[in-house]
Amino acid sequence: GAGVSQSPSNKVTEKGKDVELRCDPISGHTALYWYRQRLGQGLEFLIYFQGNSAPDKSGLPSDRFSAERTGESVSTLTIQRTQQEDSAVYLCASSPGTSSYEQYFGPGTRLTVT
Amino acid sequence: GESVGLHLPTLSVQEGDNSIINCAYSNSASDYFIWYKQESGKGPQFIIDIRSNMDKRQGQRVTVLLNKTVKHLSLQIAATQPGDSAVYFCAENMDTDKLIFGTGTRLQVFP
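Taken in order, these protein sequences are the chains called L and D.
Its first residue numbered 17, the first sequence is counted upward by one per residue in our numbering.
Its first residue numbered 1453, the second sequence is counted upward by one per residue in our numbering.
Hints were generated in silico from the structure; no laboratory data involved.
Wrong hints could be hidden among the right ones.
Partial pick of chain L residues on the chain D-facing surface, computed with a CB cut under 10 Å [unchecked claim]:
| # | residue |
| --- | --- |
| 1 | G44 |
| 2 | Q66 |
| 3 | A109 |
| 4 | G122 |
Only pairs whose alpha carbons sit at most 16 Å apart, straight line, appear in this in silico EDC-like list of lysine to aspartate or glutamate [as the list claims (entries may be wrong)]:
| # | chain 1 | residue 1 | chain 2 | residue 2 |
| --- | --- | --- | --- | --- |
| 5 | D | K1494 | D | D1536 |
| 6 | D | K1520 | D | D1501 |
| 7 | D | K1523 | D | D1483 |
| 8 | L | K33 | L | D79 |
| 9 | L | K73 | L | E60 |
| 10 | D | K1520 | D | D1536 |
| 11 | L | K31 | L | E101 |
| 12 | D | K1508 | D | D1483 |
| 13 | L | K73 | D | D1507 |
| 14 | D | K1550 | L | D72 |
| 15 | D | K1550 | L | E118 |
| 16 | D | K1550 | L | E36 |
Far from chain D by the CB rule (all over 10 Å, computed), these chain L residues [what the hints assert, rightly or not]:
| # | residue |
| --- | --- |
| 17 | R38 |
| 18 | D72 |
| 19 | A104 |
| 20 | V129 |
We put the beta carbon where it would ideally sit given N, CA and C, even for glycine.
The following block holds chain L by itself, in its conformation from the complex (with noise of 0.2 Å):
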């Protein structure tokens, strides 16, 4: 069946500018993750939706970071003003959400800030 999916893979912006990056889970999955990896480095939690609850923002780093889930679809990753420092491949994952924690991980967006 269809995986996480992500859109786009790779994304160019000018600082300052504002970008939207995109994830599609998996379907039936309550639980939605975004995730930020710099180059070379380790996996760092951004904010995780579940079901109708309201998000966990605790993992964002500004308040230039920002993110939707429309019900248990389509998530959306918003970055207003973008700095050089937020270049990273932005990874989303879903959950089934209930007696499982596995998280499935779609390709990842990379965002280069130039």
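Position chain D relative to chain L; hints supplied.
Frame of chain L; chain D shown alone:
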């Protein structure tokens, strides 16, 4: 041998040898652990998991060992193959549905 890279620790092994990748986790209350494999340019992929009521679990060519006394997790890969070359992450469950990932270890397999 094992060496420390610029960002990630690196383990270099010869094809056919066994690999052992180690991970120290942070929270003694964590009750679930996962190993992920990340190949270059791809998202992490699930390998194997283990709950805290177990100390060993085996999969196909992989074994995970959990030592709760010292908060240590290891991944053993038998007969390592070139396709095993990747970055390996451990993750622990500290809160419902939320995983905390380790920094990762790069595995390099030489012919």
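Quick rundown of the hints versus the structure:
Given the 10 Å rule on beta carbons, the hint for G44 (chain L) is violated: about 15 Å separates it from the nearest Cβ of chain D. The restraint placing Q66 (chain L) at the interface with chain D holds, with a minimum CB-CB distance near 6 Å, inside the 10 Å limit. Evaluation of the A109 (chain L) hint against chain D yields a held restraint, the C-beta minimum of about 7 Å falling below 10 Å. Given hint, G122 (chain L) at the interface with chain D, holds; its Cβ is 5 Å from that chain's nearest Cβ, closer than 10 Å.
Distance check on the hinted pair: K1494 (chain D) and D1536 (chain D) sit about 14 Å apart at the alpha-carbon level, within 16 Å; holds. Pair hint K1520 (chain D) plus D1501 (chain D) holds up; C-alpha atoms about 15 Å apart against a cutoff of 16 Å. Between the alpha carbons of K1523 (chain D) and D1483 (chain D) the distance comes to roughly 11 Å, so the proposed pair stays at or under 16 Å and holds. For the proposed pair K33 (chain L) and D79 (chain L), the alpha carbon gap of about 15 Å is at most 16 Å, so the pair holds.
Distance restraint check for K73 (chain L) and E60 (chain L): the Cα-Cα separation of roughly 12 Å lies within the 16 Å cut-off, and the hinted pair is therefore satisfied. Proximity of K1520 (chain D) to D1536 (chain D) is assessed by CA-CA distance (about 27 Å); at most 16 Å being required, the pair is judged violated. Proximity of K31 (chain L) to E101 (chain L) is assessed by CA-CA distance (about 10 Å); at most 16 Å being required, the pair is judged to hold. Between K1508 (chain D) and D1483 (chain D), the direct Cα distance comes to roughly 14 Å. Compliance with the 16 Å bound is thereby established for this hinted pair.
For the suggested pair K73 (chain L) and D1507 (chain D), the alpha carbons sit about 33 Å apart, so the restraint of at most 16 Å is broken. For the given pair, K1550 (chain D) sits about 10 Å from D72 (chain L) by alpha-carbon distance, which is consistent with the 16 Å threshold. Straight-line distance between C-alpha atoms of K1550 (chain D) and E118 (chain L) comes to about 10 Å, which keeps the hinted pair within the 16 Å bound. Straight-line distance between C-alpha atoms of K1550 (chain D) and E36 (chain L) comes to about 24 Å, which puts the hinted pair past the 16 Å bound.
The Cβ of R38 (chain L) sits about 15 Å from the closest Cβ of chain D, beyond the 10 Å cut-off, so the non-interface label holds. Distance check for D72 (chain L) against chain D: the nearest CB is about 7 Å away, which does not clear 10 Å, and the non-interface claim fails. The non-interface label for A104 (chain L) is consistent with chain D: the shortest C-beta to C-beta separation is roughly 13 Å, beyond 10 Å. Its beta-carbon lying about 19 Å from the closest one in chain D, V129 (chain L) satisfies the requirement of being farther than 10 Å from that chain.
Hints 1, 10, 13, 16 and 18 from the list above are not met by this structure, while the remaining hints are.
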